[in-house]
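Based on the provided sequences and hints, a complete structural model is requested.
In terms of my numbering, the sequence shown is residues 44 to 297.
In short, the hints are calculated from the structure, not lab data.
It cannot be assumed that every hint is accurate.
To be verified - Simulated restraints, written as ranges between beta carbons of each label pair:
(1) Tyr243 / Thr117: 27 to 33 Å
(2) Trp184 / Arg112: 23 to 29 Å
(3) Leu254 / Pro120: 27 to 33 Å
Source: prediction; values computed, not measured.
All C-beta atoms in this analysis are idealised placements derived from N, C-alpha and C, irrespective of residue type, glycine included.
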Amino acid sequence: MEFLLDFDYKLLLLVVAGFIAGFVNTIAGGGTLLTLPTLIFLGLPPAVANGTNRIAIFFQTFTGAAGFRSKGVTTMPFSIYCGFSALIGSLIGAKIAVDIKGETFNKVLAIVMIVVVLLIVFKPKMSLKQLEERTTGRYLWLSVVVFFFLGIYGGFINAGIGFLMLIFLPYVNRMTLVKANATKVTIVCIYTIGAIVIFYLNNKINWKYGLILSLGNISGAWISSRWSVKKGDGVVRIFLIVMVSLMAIKLWFF
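Below, the structure written as structure tokens:
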């Protein structure tokens, strides 16, 4: 009984929120909209919550990438090139996040998410199995440029960036959703390092909460990455539609 009285339920809340976020982030995206409010609810200022969340995101994406790789799904060196481009962008975005409040960005992001839903639902049918991936030449350079700007946004707040990547990679680079997911987690893992450095230098990270949150994120990411490879693109598509819709509603009305 004494153990139950002394137990810090805040820590359990962080692990549970982290597990759910790690799972949905790896297979689709939007987990940050759960973990950020959770961290703020536990008493962290928004900027510190934003920085603290990056610790969990790093461990989550590192684990997710390892999970995909264990199933033979990888897009290196393409993901490395794009990841380092996004890393440069994330330094800019994180610096903006430290200096400027981002509340006014929510409704703009909600509109973007609605557009993403429409693209997913009404996209033209095409069999990616019959098309070759486009990860070299001009498509590589285009991706490097685009991911620089995605890195800026990722460094700023990161919420919903997975959805944008899962639109861009299948359409431009002709990846399956499973491969696009593997690419996404690798790129996010790389650029999150830059964001962590900026938040750390500005004393905007609660390491205790960040590491505890990471325990849940790691578990969710490992299970999700391996499960999504087994289930294929159909399940990933369903998760995308559901999570993007919920994210848009959350941003617009709440």
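Going through the hints against the structure:
1. Tyr243 / Thr117: 27 to 33 Å: holds (29 Å)
2. Trp184 / Arg112: 23 to 29 Å: holds (25 Å)
3. Leu254 / Pro120: 27 to 33 Å: holds (31 Å)
Of the numbered hints stated above, none is contradicted by the structure.
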